[in-house]
Every structure is written in structure tokens, then in C-alpha cells.
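**Student:** Could you slot chain F onto chain P? The hints should help.
If you read the protein sequences in the order shown, they are chains P and F. Under the numbering used here, the residue at position 354 of the first sequence is numbered 354, and the numbers go up by one with no gaps. Under the numbering used here, the residue at position 355 of the second sequence is numbered 355, and the numbers go up by one with no gaps.
Derived by calculation from the structure, the hints in this document are not laboratory data. Think of the CB as a built atom: it goes at the ideal place given N, C-alpha and C, for glycine as much as any other residue. Check the hints yourself; a few may be wrong.
To be verified - These stretches of chain P come out as covered by chain F in the derived footprint (C-beta under 8 Å, 3 or more residues):
no., stretch
1, 37-49
2, 279-288
To be verified - Covered stretches of chain P, going by a simulated chain F footprint (3 or more residues, C-beta under 8 Å):
no., stretch
3, 14-22
4, 104-111
5, 340-354
6, 391-401
What follows is the residue order along each chain.
There are 2 protein chains.
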Amino acid sequence: MNAIILTVGDELLIGQVVNTNAAWLGEQLGLAGMTVARMETVGDDVAAIRRALERGLDEAEVVVVTGGLGPTHDDVTMRAVADGLGREVVLRPELLAEVEAKLAARGRPMRPAHRVFAEVPEGFEALPNPRGMAPGLWGARDDGRLVVVMPGVPHEMEAICTQHVLPRLRARAGDAVVLHRTLLTAGEGEAALAERLGDLSDVLTDGVTLAFLPGIGGVRLRLTVRGADRAAAQEALDRHAARLRRDLGALVFGEDDDTLEGVVGAMLAERGLTLAVAESCTGGAVAARITSVPGASRYFVGGVVAYGNAVKARQLGVEEAVLREQGAVSEPVARQMAAGARTALGADLAVSTTGIAGPTGGTPEKPVGLVWLGYADAAGTHAVRLQLTTDRAVNVGLAATAALNLVRRQLLRGARR
Amino acid sequence: MNAIILTVGDELLIGQVVNTNAAWLGEQLGLAGMTVARMETVGDDVAAIRRALERGLDEAEVVVVTGGLGPTHDDVTMRAVADGLGREVVLRPELLAEVEAKLAARGRPMRPAHRVFAEVPEGFEALPNPRGMAPGLWGARDDGRLVVVMPGVPHEMEAICTQHVLPRLRARAGDAVVLHRTLLTAGEGEAALAERLGDLSDVLTDGVTLAFLPGIGGVRLRLTVRGADRAAAQEALDRHAARLRRDLGALVFGEDDDTLEGVVGAMLAERGLTLAVAESCTGGAVAARITSVPGASRYFVGGVVAYGNAVKARQLGVEEAVLREQGAVSEPVARQMAAGARTALGADLAVSTTGIAGPTGGTPEKPVGLVWLGYADAAGTHAVRLQLTTDRAVNVGLAATAALNLVRRQLLRGARR
Numbered sequence: 001m002n003a004i005i006l007t008v009g010d011e012l013l014i015g016q017v018v019n020t021n022a023a024w025l026g027e028q029l030g031l032a033g034m035t036v037a038r039m040e041t042v043g044d045d046v047a048a049i050r051r052a053l054e055r056g057l058d059e060a061e062v063v064v065v066t067g068g069l070g071p072t073h074d075d076v077t078m079r080a081v082a083d084g085l086g087r088e089v090v091l092r093p094e095l096l097a098e099v100e101a102k103l104a105a106r107g108r109p110m111r112p113a114h115r116v117f118a119e120v121p122e123g124f125e126a127l128p129n130p131r132g133m134a135p136g137l138w139g140a141r142d143d144g145r146l147v148v149v150m151p152g153v154p155h156e157m158e159a160i161c162t163q164h165v166l167p168r169l170r171a172r173a174g175d176a177v178v179l180h181r182t183l184l185t186a187g188e189g190e191a192a193l194a195e196r197l198g199d200l201s202d203v204l205t206d207g208v209t210l211a212f213l214p215g216i217g218g219v220r221l222r223l224t225v226r227g228a229d230r231a232a233a234q235e236a237l238d239r240h241a242a243r244l245r246r247d248l249g250a251l252v253f254g255e256d257d258d259t260l261e262g263v264v265g266a267m268l269a270e271r272g273l274t275l276a277v278a279e280s281c282t283g284g285a286v287a288a289r290i291t292s293v294p295g296a297s298r299y300f301v302g303g304v305v306a307y308g309n310a311v312k313a314r315q316l317g318v319e320e321a322v323l324r325e326q327g328a329v330s331e332p333v334a335r336q337m338a339a340g341a342r343t344a345l346g347a348d349l350a351v352s353t354t355g356i357a358g359p360t361g362g363t364p365e366k367p368v369g370l371v372w373l374g375y376a377d378a379a380g381t382h383a384v385r386l387q388l389t390t391d392r393a394v395n396v397g398l399a400a401t402a403a404l405n406l407v408r409r410q411l412l413r414g415a416r417r
Numbered sequence: 001m002n003a004i005i006l007t008v009g010d011e012l013l014i015g016q017v018v019n020t021n022a023a024w025l026g027e028q029l030g031l032a033g034m035t036v037a038r039m040e041t042v043g044d045d046v047a048a049i050r051r052a053l054e055r056g057l058d059e060a061e062v063v064v065v066t067g068g069l070g071p072t073h074d075d076v077t078m079r080a081v082a083d084g085l086g087r088e089v090v091l092r093p094e095l096l097a098e099v100e101a102k103l104a105a106r107g108r109p110m111r112p113a114h115r116v117f118a119e120v121p122e123g124f125e126a127l128p129n130p131r132g133m134a135p136g137l138w139g140a141r142d143d144g145r146l147v148v149v150m151p152g153v154p155h156e157m158e159a160i161c162t163q164h165v166l167p168r169l170r171a172r173a174g175d176a177v178v179l180h181r182t183l184l185t186a187g188e189g190e191a192a193l194a195e196r197l198g199d200l201s202d203v204l205t206d207g208v209t210l211a212f213l214p215g216i217g218g219v220r221l222r223l224t225v226r227g228a229d230r231a232a233a234q235e236a237l238d239r240h241a242a243r244l245r246r247d248l249g250a251l252v253f254g255e256d257d258d259t260l261e262g263v264v265g266a267m268l269a270e271r272g273l274t275l276a277v278a279e280s281c282t283g284g285a286v287a288a289r290i291t292s293v294p295g296a297s298r299y300f301v302g303g304v305v306a307y308g309n310a311v312k313a314r315q316l317g318v319e320e321a322v323l324r325e326q327g328a329v330s331e332p333v334a335r336q337m338a339a340g341a342r343t344a345l346g347a348d349l350a351v352s353t354t355g356i357a358g359p360t361g362g363t364p365e366k367p368v369g370l371v372w373l374g375y376a377d378a379a380g381t382h383a384v385r386l387q388l389t390t391d392r393a394v395n396v397g398l399a400a401t402a403a404l405n406l407v408r409r410q411l412l413r414g415a416r417r
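Chain P extracted, bound-state conformation (with noise of 0.2 Å):
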């Protein structure tokens, strides 16, 4: 089943914005067994997204369309399709009642602007908006051929899509199996896992493919089985997965959806430990991570961003001689920063990053993308030395996933209270 993705907004024509709807769209909708033919961005203009919808239902069954769906005057998106495809804009009442629900639990008045979230095209269907105003659309053309649309909100347009709308594409898209899984690792960069592994060529026979997708969060492993039979499919990803993890071991800390903060926190739950951070040069980011995840506060305690100086010592008691004479950025400092958060905060484990995370505060002896993390329980102090990059950015990232790597290869050791 082809499917075409149309994403709308003038911010897009002038780069004003980079395009990750249409590349997310792009993977989800392949992973939902449809083949993407074709990706077209045009303007915020009633002309254009007509044309451009129009060409793309002659061409695919699908026409997934983004953005252009808001309150204000440049807006079109919806008449655009409506008028596309021959169909009068009809305001649903029980939408309205939505509208004004939604704007009423946030204490903030009904404006006539608002009055367009409660619009569809006659014969569309309203998909819910977990996370904003405007609904998404499901409908058809005369001929049958879908068109999908949604707002252009990134997280918006992600949950309308991943709740309501790819389930029902994967349900047309019919015999054809597609399946994935995808292995998630950290601790090692893409071509360590790929020396690891070894040659695979013998291996991923009988139309399955594995590739490297590597991110701030760690290196995915993603095993493609194509096939017109559901269970054997089935058994040769099984087969496949088990395979890596065996060669991969303790690298690979989840699958599919699982996040390392989510993996962590379970381990935690699940040993009735709680967690304590100190942070430096990631200035808060593993403390954000750690509290992603729904009911974080039973395992997770606290933490304290030790950015200045006076912070580490006063806050985590880590000993003035030592940052004067080993500087911020020095093993001892970020034990120190660890088992001082374990104790003022009164948890069973911590970990701790100070490092130097750029562009510049650089030195010949700490060069930026250096980093300690430290680490401490009931059994004292453990650290780790990284050289990460020059791009302040992804050095916060890779420090924040490595610390919680850190403490997820602890507790495998059997870390205790």
C-alpha cells in the first residue's frame, strides 16, 4: 500500500524549520507496512495543498497530510482539503462540547478563533488530540483513497498519529508482514557493536535485515523480517533477537520501546532502592530523564544541581582543597558529588557528572567532552573517565545516558542498600 506524505507551512519552504515530521512519518508509516512513495512540503496556501493532494491521491492510496491546522488566519489546511475534495466544512457539536471542555480545565475562555477545532470536512471523521486543540482527520475521497490529517505540532501530531492513526493503516495494510525490533544498547559506539557481532551475512538469511541507528541515547540494533507468513516471520525475528542479545549481553538494556530511565527506574522499583543525583556539567538533564517516567517519585528521591562551586561543597560536601587542587572536573570531585548526594538526600544509591561540556573552558590536560561520572552505595565510591565531543549539546547528552548506564550496570552487579 503506497501512501504519500504532504507536509504543509510556509516555515518549512523558508528553512525556517527542519522537516522531522516528514522523516518520523516516513519511518512509522514503513514500519506499518506501508511503502512511502513520495514526501511533498508546500506552502500555507489553499491553491497549492489542494494541488498537491490532489496529485498525490491520483498517485497513492494514502495521503498523509501535517500542519496548517490552528486557529489563526494562515491556517488552511482543512478548508484546503475540503474544498479538494468537494466536501462542505460542517461544525460537529459534540466537538464544540470538547473544545470548550478542554479550554475550561485550563481556566481559559472560549474564543470564536476556537470555533475551528470543532470543524471537519463533511464525512471526516474527528481523531482525538491528547495533547492539543486541533483534531486530527480521518476521510476519503469518492474513490475510496484515504487522507489523513494532522496538526504539524511535532508531539501533537506524533500521538494523534501513534494512537489512532497507524493502528488503522496497519490494519489495511493487509497480508504483507512487516515486523521489527528493534535492541537497545549503550556502553559502546556503532562499530564496537558491529566488530562484536561479526560477519552476519550467513546469519540474516530468509529476508531479514539489521540496521545500526545511532543516537544520544545509545546505538539501536533494528532487525526487519519481511514476509507473507505471520508466525514464521515471527519465529525468525525471535530466533534473530536472541541471537544479538546472546553476542551483545549486558550492551543491551531494553527493546522497542523501552527508554534506559524507564529500565533503570524499573530495576530500582523493583528492588525497593532509591536514587539520588548530583549533577554538574549535565546541569539537570539526568534528573529531567529519571522524571519521564510516570511514577518516578517512587524510587527516585531528588538531586542536587552543583553548578557553581559553592554548590558542590556547601550542598554535597565535597571538600574545598580538593576543587582547588584537583578542580571541579577531577575524579575525586565527582565521588565526592555522589556520595554527598546519597547522603544529604538520604538515598540508597547516586551517581554524579562533572565534566567540561563546551564550546569552550577547555585545557591541553581537560580538553572539552571530558567528563567524570561517579558513582555511590552502601559499598562506597565508584568512578568513570569519558572524552566525548566538542558540541556542548550532544556532550550533555551522551554524559546524562552514560550516568544512567552507570547505575544500571551497578545495580546488574548486585548494588544493595
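**Tutor:** Positioned in the frame of chain P, the structure of chain F alone reads:
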């Protein structure tokens, strides 16, 4: 002069690579005075590239193509361009000599696959590639409409485009000018901003357009001016931006590439003030945004992520009776957290967050999305109540933006040490 951007590559369609080339080209072509009418992405397929090229040349004066110029079997762009324009592919001896020289300089032998780098469609000019092997291609259809082809590797494409393509296009665009300015706002939604600005149809004249772009970090308002005269366009842009700033007042926190955390940081640095944070529901996200700015250590001393109540009491001095009687998500706790962070961490100002991020944990009196922000400086404390959404990640993002904006508003009101 209209342009269409055509990016080629299967990796774009399956979402493995985000199309940063399209955004970069969109911005650069706009700055060169062209209007990007549309963007299209197709796979490594001769027929698909031909169709898209022909369609593009029927619609616009120039089609800029990137990707698929490499030496492997899946690189078919040059063949597709030649076929589409009815031209032969010819081997240029002088280009072959250059290819041999480049390879020799890198100590690599000439292989048969390298010959493709010396081939061009008849009538096309080769544009030197200072960073790689594949030259750019500059030519025209028989009716004079331009075709520009560049490799897809971003740094090669950018070099060829900057050195050879943009100067030529700028010369052809003549006097046409397209200028943009984006005003960044925080504190109100799209609909409220639109109402505050009123009917703009009388103001937005002279080829000026206004777009509303909402996001977690606030609503961006983008002005675009098209005209024949650069001075007049610049004047119109300045005039409209001044009018929007006047109507929106302190809702506007910056322009173009500014960030709220960068603006707040610059205000703190300018006033010689330091900041601390105390975060509960945002879990480190406020500190992470503040420290994402290089040089944040000049004004940011640190923070406490007070996730558990014990940490709120022990590290920030929040009274246990207040926690017990009013609950952690309450106005007095927000105030005491801010005051406590200010004192404990030794900062001039402090901001705090406490709320119910969700998805669970709400009650009828304190629903998911309820957030209290606290602020403290030498003059005392202040608190703000927000009612956000039911989505955990959105609530954390919006609360962090609101906390940063609270600090900004207090600084504007003359916050002192």
C-alpha cells in the same frame, strides 16, 4: 523568481535521515531573493526523479536537485536528469583529469566507478566540489528553465551551493527581495495573541504576511516581506515588527534565533544577578534549559530537584506542617521552595515549580496539570498558578517555559539583589 527543491534518496523516504538539506536550501534560496514554491522528495528511482523534475520545471524557473550523484548502483540522479531533458551523458576529459588528480592526492587508485564523476548531461556545466568527488551540475531545459544538481552529502552540497550556485541565482533574481523576522512570545496562546493583535488585514499590506507558529517554548510570530526594493522591504519589516512589539509589549521576549533561556541569561548577566532553581514537577528541566546556554555558570549557581517531600524539607527548608496541611502542590510550598533555594544555594533570585505532571496523581481539587510556580528575591516571594494539560511531557515543557518567563517578567519589573 520561483524555485522548487527536489531532494533524492530512499533514506529520506524511510525516515532514516532527516532532510536538513531542504531546510538549508530553503533558507539560502530565500535569502538570495528566490521564492521556494514547493519541496519534493523522491527515492533513488529514475522514473520518479524524471517525473518530479519535469513537474518542477513546468511550475518554476529553477529546480534545485540534491542527492544521488555518488558512484554506486543506487545513484541514478544524473541519468534521470539527462533522460528527462533528452540529453546524452558525455564524458569530459578535463573532468577526468581532475578526478585522477584528486584521487592521486589522497593516495587512492582510479577505479571504473570513479568515471561517473567526469560525466555530465550534454550542455551542462560542472561546478567544482571543494569537499568531495561529485561535481555540481548547472544547465537548462530547452525552454531556458534552470536545473541545478548537487550531491546530497550536506557539507559538499553547502560548499558547492555557496561558492557557485547562490551567486549565479542572486544575479538572476535581480532586485527581488524576501525578508523574514520572527518575534518570539511567551505567556499567551495563539488565540489570545491573535485577539490582542485584532484585525490585521489593513496593516498587513505591501506584500507583508504574518504566520503564527505555536510550540512548547511559546508562540512565534513570523513576518515575511516580499518586494522589489531591499531598502523598502527592510523598512516595511522594521515598521511591522515595531507595530507587533508595541501591541504585544512584554509578551515578546526575543527575535529570530533567540531562546527564552538565552534571553533570561543575558538579562541576569547584564544586571550582575545570580539565579537558583528548586524543581519538583519539572524534575530538572528548568535547570537543563538554563545550562544549555554556553557560559551559564556566570549567573546560574545551581538547583535542587526536590522530588520527594523529605528533600523539600531538608534541602529547601519547606515547613513540614505546610507540606502536611496544604500538600506539596500548593502556593505556600511553591513560595517556600523558591525562598529556600535562594538562601540555601546563595543566589540573588530563585524560581520554583511544584505540580502534578501526570498522567496520574490528580484529584478533583488538584487535577493533573495543576502547577504552582514560586519566585523569590530580596523583596519577597511571589507565586503563579497554571492549569496545563493531561500530558506529562507537555506539562513539564510548558511549566519550564512558564518558570523561565516568570523570571524574565520579574527582571523586567526591576528585580534586585
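**Student:** Taking the hints in turn, state whether each one holds.
**Tutor:** Hints, one by one, checked against the model:
1. 37-49: holds (count 9)
2. 279-288: With 8 residues in contact (Cβ-Cβ under 8 Å with chain F), the coverage given for the stretch 279-288 of chain P holds.
3. 14-22: It holds: at least three residues are needed, and the stretch 14-22 of chain P offers 8 whose Cβ sits within less than 8 Å of chain F.
4. 104-111: holds (count 5)
5. 340-354: Holds, because 3 residues of the stretch 340-354 of chain P bring their Cβ atoms closer than 8 Å to Cβ atoms of chain F.
6. 391-401: holds (count 3)
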